[in-house]
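J.: Two chains, each in its own frame: build the complex with the hints.
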Amino acid sequence: MLEELTAGFPVLTCILFLPVLGAIVLWLFEDEDMVRTSALTITLLELALSVFVLLRFVPESAAMQFTERVRWIPALGISYHLGVDGISVLFVGLTAFLSVLVVIYSWDTIRHQVKLYMMCLLALETTTMGVFVSLDLILFFVFWELMLIPSYFLIKLWGGGAERHYAALKFVLYTLLGSVFMLVGIALLNINFHQWASLHHTDQSYSFDLLELLSAPIPMDQQILIFWLMFMGFAFKAPIFPFHTWLPDALMEGPIGMAVVLAGLKLGTFGFMRFSLPLLPDASQSDMVVTVVVVLGLCAILYGAWMALVQPDFRRLLAYSSISHLGFIVVGLFSLNYQGLQGSLLTMINLGFSTAGLFFIAGFLYSRQQSTQLSAFGGMAKQVPLLATFFLIIGLASIGLPGTNGFVGEFLILLGAFKAKWWFGAVAVLGVIFGAAYFLWYYERAMLGPVGKAVKQTMSDLQLREMVIAVSLSAMILWIGLYPSPFLRIMNGSVQALVDRLNHGTVAALGSSTTEKGR
Amino acid sequence: MSDLTDLFIKLIPILPLLAAIANGLLGSRYSHEMAHRLAWGSVGLSFLCAISVFADILRTGTAHEVVAYQWIFGGDLTINLAYLVDPLTCVMLLVVTGVGFLIHVYSVGYMHGEPGFTRFFIYMNLFMVSMLLLVMGNNYVVLFIGWEGVGLCSYLLIGYYYDKVSAAKAATKAFVVNRIGDAGFLLAIFLIFVNFKTLDYTKVFAQVGQLSPEMATAIALCLLIGAVGKSAQLPLYTWLPDAMEGPTPVSALIHAATMVTAGVYMIVRNHVIFDLSPTAMEVVAFIGGGTALFAATIGLVQTDIKRVLAYSTVSQLGYMFLGCGIGAYTAAVFHLMTHAFFKALLFLSAGSVIHALSGEQDITKMGGLSKKIPWTYRLFLIGTIAIAGIPPLAGFWSKDEIMAHAFTHNHFLLYGIAAIGAFLTSFYMFRLTYLTFYGKSRLDHHTEAHVHESPLVMIGPLVALGFLSLVGGLLLGFPPEHGWLHQFLAPVVGSAGEHEVSTELVSTLMAVATSIAVIGWGLAHFMYQVSTPTANVWAEKFSGAYKTLLNKYYVDELYDAIIVEPIKRLGGLLDWFDRTVIDGLVRGVGQLTDWGSAGSTWVEKYIVYAGLNVIGYGNHLAAHEGRKVQSGMVHHYVALIVAGLFLLALVVQFFVQM
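From first to last, the protein sequence lines are chains X and L.
Counting from 0, one number per residue, gives the positions in the first sequence under numbering that gives the first Met the number 0.
Counting from 0, one number per residue, gives the positions in the second sequence under numbering that gives the first Met the number 0.
Do not take every clue at face value.
[To be verified] Here are the simulated SDA-like cross-link-like pairs (lysine to any residue), alpha carbons at most 25 Å apart as the crow flies:
#1 L/K567 <-> X/S374
#2 X/K381 <-> L/L24
#3 L/K163 <-> X/T457
#4 L/K163 <-> X/L44
#5 L/K168 <-> X/S374
#6 L/K163 <-> X/E67
#7 L/K540 <-> L/T363
These aren't lab readings, by the way, just hints derived from the structure by calculation.
Since the structure is predicted, the reported quantities are computational estimates derived from the model, not experimental observations.
Looking at chain L on its own, in the form it has when it is part of the complex (with noise of 0.2 Å):
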């Protein structure tokens, strides 16, 4: 049995790289229809075997550790292409797989008839390879290489529509800004490498007492660059948003339900590291309370319903970081799983409105779709009241979970920013579904005349996730701190028993945390429903707030006028650098040879043909370059390799009699 379980282990990163080498190769010869077949197929069948694996850690409580080849090797070090599945290994393969099966299914109806559908899939299937690596790894190196993998992919799918100049745009943006996060997670690799001789996941952990606290907070820090990176927080969060550019299913399952988690995976695997340092670990919470807070209030004001969805994301994995830095890593694991479900569902609901209205995405140009579109309504509206946290549906437990940690461990600045960052979620996720589906259509006539609802294809993950959402956070997180989630978990980040907290007050935080989605969609219906004038108002009585959330903070202009133009300036003065000092000072020295060698010839053309002086002699050819060269320069050379030999017998002998 464990026999079979380590090949179905082996068999999940590699059914997709099958499916995408075979695209890959054949693509072009066979028809659309075998393409995508092959790519779903393959995920599906990942999915299976992960569900397998899944079912025997479940039945035995082992982890399994499986090595494939030696990868990089020689003197102190060997890296292994191996993995390690472990509950928290089981939980991500289930997301990835699953929600990445769901995404794949619905991209076959929504990349109909797209020039490059073969390619998409492609990319895709290629994206789930990196994605299954980063999370099976067994060690750091194979973590790194599905970590760079997937921003490959996410370069490659972000700039699929790649004769779009914002889609090229964005596309180079995001892996750059990836690259600076992975610069930090390679130097946390050496880091560990340099105190643990080891680069394995076991090794290290059983060896971390010996760390000291400022090493662990070294590698912690650095850590978290690679992580801030990756899952888009404060201040590397700025190429999220642009990479909405990619197709919408890209976003799903990319940009919101699997690679921008790759962070909080990463953290919560290494979360032994992170205890050792509470320095690092506030960074952490304050990086992802920040995050969630600033991301939601550029969010509020937005009007591309991708980009909306998309400032969501950051803000959500804000919290997710937040859970991190407070010690709930259940919870924040709980959260993106939960986030995972709302938030793919969200997405691709969007993708179903923009499918619908011919590739329209500004909200203050729909209105009016919930009769039109009834079935992407309904499950759209199930991913707003998830999201906006109100119980029983899923974003409510973890996020409120995360919340009650914060609340109860005594981290009340941290509490507040979470509840406003809570209140705002629920108030700009209402106001997108009023914009989208209340309200007069204000769509023009001719997509009008085109609304129409997406195919089963399409609709039937909708409701799977639709599902997952409304029950999946009872079905894994009920009762909070004791679900079915954490005893699963405990395993790898121990479980939270030792602090108990009397029910009364996890009761009045939820029922404060309820009020506080309810308020926020009250006031989204008050603005958006019930006083439509009202958001104009606004936005010209606060012009001067309305117009720094509009830009985004001017965020990116910043990032421009710090970092990116300084760099191209002085990248023009190195140019100019080299051209006229280092190259002129060369010149210069061979000038100076020149004329010296003027003088000399006499002395060359009748003592020795031998250049006592070489380099004089290689400036008199240079002095007689006009001349004919090309048969008398063969000549030459070997006279001067000849003369090269004679100068140095002269050298020996010199010393010889010495």
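Okay, chain X solo, but in the shape it has when bound (with noise of 0.2 Å):
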């Protein structure tokens, strides 16, 4: 019955528009406690859309589902085409679980501009949304480009640090900068569709459709520079070292709603997982750019926990334990193999649980002390007895310790770095042993020991709409870690033709594991 109600109804469009539709509609309300509550019966029916994509997701598949497509500028090949498959259906879950938790926590931690600020939020769920779902390089790369309008906005106005208007635009820029190359890296990808096409009489000459572009073979030399060209992209939105320093900036000016986006939701990494390694699988392997890539990873995963170590702020700390992690899922991701990118995978959506969840527990502590500041805080597991709990178990998460979806991530992106290369898994496990030193060391010194000087005598524990969060957070953490099989299914069949692809080349195209109407 559902089925055929369902069957031909376009939910990724759904998906991709009612926000930004929602925002909108958000306009026409005056009172503020209207505006909230439109806000969050959106997200909550994105979620709902959301989670009806991921329950009708055929698992162990690798092929696109859900599928739209409808051509936009047939001149140039470029068409409005939509899709999901393992490596972004669970993107899309994320997106919609994010960006609910962060309107309730904007619920009364933002007071001016309610109705902007709500507007921004939702338009930025509609460009993310549109980043994972894109199936077509412009349409992906127009997406990819709005994200920043209501970002930018979001830290400017916002944000709470005196920094914010220079932090903004340097997140802007430096992004910006990255998709210059990006876009002509996509170029270039249009124009060897080009030259292939026409020497093949195929019908269409011209395709930014990335299942099209995978059926052409690029030549090497192409496919290297092609991949650094989209490196800059992707690696600056990530991002990876060395082209982090816009985002401790912010992360510590921009809103705490932001920075769960910006540090929950990996978008650099998911670009090279969607784009990189599939159209250029022979560029990805060669022995240059593994070892450049893996070094960088490396040099993050230790940079970045030992930069976390001594951080005085807890959300400036968050900032590099964020790059740590991300060394680790480039790592993982350049093993170039079943474990490592399964890891890598799996460790992006983690994370948007795990080091989301720490910025929201950094949000909990800002309410309370109006500073994420170690002189701020001291023994306030005494006073805030639950919220000391969830940052424990978020925080635990985030160290990867067995029990939670950190481990799962974490082992499986080790264990592939130790088999494509021993000495890459030799030398990211070191970040296992610095991740619990800098979590552990700063939780000790701000939740335990004596209350500390600057601590509120009187401070209210978890009120419930923060109760919600860390609960819902928790509880993903735990059904990951414990139960990850349901979220494993779902990726296997897109990591499995990923490593076929890598194995075979740009030659044997992943194209034709033909597309699959979603049913």
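T.: Here's what the structure looks like:
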């Protein structure tokens, strides 16, 4: 019954445009509570749609599902092409999930220009979803760029720090700079396709369509060039060491809600997995690329963790711990084997719960002490035991304790890295020690010991809205940690296809595992 | 019957987990009475299940492998949450649940009235779950869940009095030092997977013959790093003495009887890999022997009752490692068991002393307690005699077996180390007993007035452990090398039968061991009973050595100076580097293009609004940052994107024409 009703229903288009349409509806309201309630309703509806997609998604399959395709600019081969596979579908769910939590968090922490804030959030949700579900590179690029607009305003207008204008601009310029390179890379892909298609007399000679681009072989030197061009785009965005300095600023100065999205949704590394690896499999495996990228990743792991160790500000600590985690992801991706890829993908999802969760915790602390500096804390566990408990649970997930989601991802990455080259794994494993050190040392000084001088005498423990956030994040953390099976099944088909693609190079096309109409 | 056994196996770790969840969710709703009943009740039930499983294995002689569910999978990797219960696991199960149950019961009395009573039992139950997974897992990853799980619970329980700075620091230290070991363990797991394409014990051990000696050494040494961290051996032992910040039942359960023996269990479990590498075996043996002696010397002069016991634990774990390293696996497990009995007994009796003295732990402020708390005294004395190695108590049989094995297998240096260690052990344990229970009372009046014997709920478990310390050795391991335990464990570790030793030699070695222990006792008796000033005289005479020992060879200070501080300092340097150099470069580039864009503004304005130079354009925005930006910005961005697309079209056009 449900199946018949939903056949041919453009669910991804709905997911894509529901938030931005919702943002327009918000414009009509004046009452702030009304704005909040509507924003929550919209994000909840979006979450429901995403859960629907996840439930209807056929696991263990490499096919693009729920595909929709409309020609947009035929002359250039640009189309409105949407679809999800095992690599992207979980991000759709994660984005929707985090958006709900951000709205809940912002309920009483954002006090001025609530309407505009919620509109920005919703616009951000649409553009982020767009990045995940686009199968056309131009469509993808448009969303990739559009995302900057709401982000810019969110940091600039609702940021708490004095340097927020600088941080917002730095963030935008850095990403834009990377995008230019990426755009040239995309253009070269298109040109390569054109040359190949002209030789083979196919009807369409231009295309930006991911699945079509996959069918055209690319000469090695071209691949290498395009790889580095796209690398700039994704590495700046991720960010990968040493292109990371915008991140601590943006996370410090921007509002918590923005930080959750920035640190929770790993767009840059998603880009590698979605585009770089399958489109440029030979370049991705070339010794030079692997060595350079993995060494950057290993540096990021250690550098980020080491930096995190000495940060007195919790948000800055989290920024550097993110950089360390991104190092793990990069190392996993460029191990180019099953465990590495699977672990990286899972870790990207995991960090959406753990790192994002820690930013919520930072937010909870900020609401109580108006600071995330260590000097403002000390012995907080005595006064806010529940907060301290969830802080610990989410923090342990971020350092990969078995039983939490972090372990499953980190273990797979390390195993994959070790399989690729033993010293990848041996160096990366040091991050495990540093992770425990920076998190627990900070936790000890902030939460344990005698109550700090600057800590307010009366302080309320987690409130209802905060509890909703903390409990739902912890539930996801434990679910993926203890029973990851549903998540692994969703990603397995696509990960296997990617491994095959890497093994066969550009000649054997991933695109030949044709698209399957979403049921 | 077998199905029922499988069900019991699954229940063993689940029962404490359910209790922990129930207490966690509802703990604040109902009384403390309910919380502790759930806690010890569930562990008691697990113990009963373990006995039933044990009986089944004893009868049928077959190991059980039970899969709970598929945990991590994909590609060529499958990791199940699955259990393997064989004789070795059975022994560990009985120790963990049995001693665990007694300590839970004791805790009801000891922790009575503490704030966070329910929290304590939640952590204890979670610890039981982790420890049970550790010993029951059928593959390395389940072992690792338990491995880090017990580490977490240890962290939580050391930091139980979390508002104390020392407790919080000790907790962090324990976790981080353990993580160093865990990293080594992870490497071992990866090496095993790369070599065997599986992580299940049975499959790995079946193919172990294909390992090259170098690879076997590599795997064994990585495993050893893990074991050294968890079992507090040289050089990673420093966390264990600090771990005494936790409540005493925690010290007994986690830091004496169960968790710290996980390293020994792991080595015995993997003995087929260790057997392939004489090098690794030698390293294990010397780390064990070295630790046994090293920790014993520190134990000589410590004045905190729990710290003496902590160093004694480190030292005794050294004996177990020594046993493993010379291939005396059964003896190592035997010592693990008897140690669990007498060390739990000693810690819990010490707890009873501390309880009686309203929290006093300094033995220089005790004395003369034998009359006031007679039950505690008698039980502590049993523990002391057992650990000192005086027959027929438990410790004698297991320690002697390790030492005899070393002697008869020509490891004379190790035998010598172990013998000196045994002498020191006997000495410092009797010193502890004399200072605590004999002589004149050195208590302050206030404490003295409140001295009281502990309630039955605490003495009861002590009596049970005392009984085991008395006869456990005889029951399990007599006659030496051919006792019940040896036969039971033979399917796992092989039998020691092929190396026959004359009974005269065995008896001589026993006599020597006994004399060593008695001499140690005698010396302690002389120094702390007959001629009490001697101790102080010697301390002054050898003040250099005394101070070194008192300060634990300054190892903590050394680690701080050469590891912790440099790491922090270098971190500060990196922070400067990040802000000044890396970010400085970024800002420099921004500045450059800003100047560049000033020149090109005219072009941008009048030629194509599009950013043929998007970088320059972006900085054009930067240059006009001060202006009213908010509303105008959106248009700029849209224009920027359109410009980008335009640029793209141009590029495409250009190439097409080529």
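J.: State for each hint whether it applies.
T.: Going down the list of hints, with the structure as the test:
no.: 1; hint: L/K567 <-> X/S374; result: 18 Å, holds
no.: 2; hint: X/K381 <-> L/L24; result: 19 Å, holds
no.: 3; hint: L/K163 <-> X/T457; result: 21 Å, holds
no.: 4; hint: L/K163 <-> X/L44; result: 47 Å, violated
no.: 5; hint: L/K168 <-> X/S374; result: 18 Å, holds
no.: 6; hint: L/K163 <-> X/E67; result: 61 Å, violated
no.: 7; hint: L/K540 <-> L/T363; result: 20 Å, holds
The structure does not agree with the numbered hints 4 and 6 stated previously, though it agrees with the rest.
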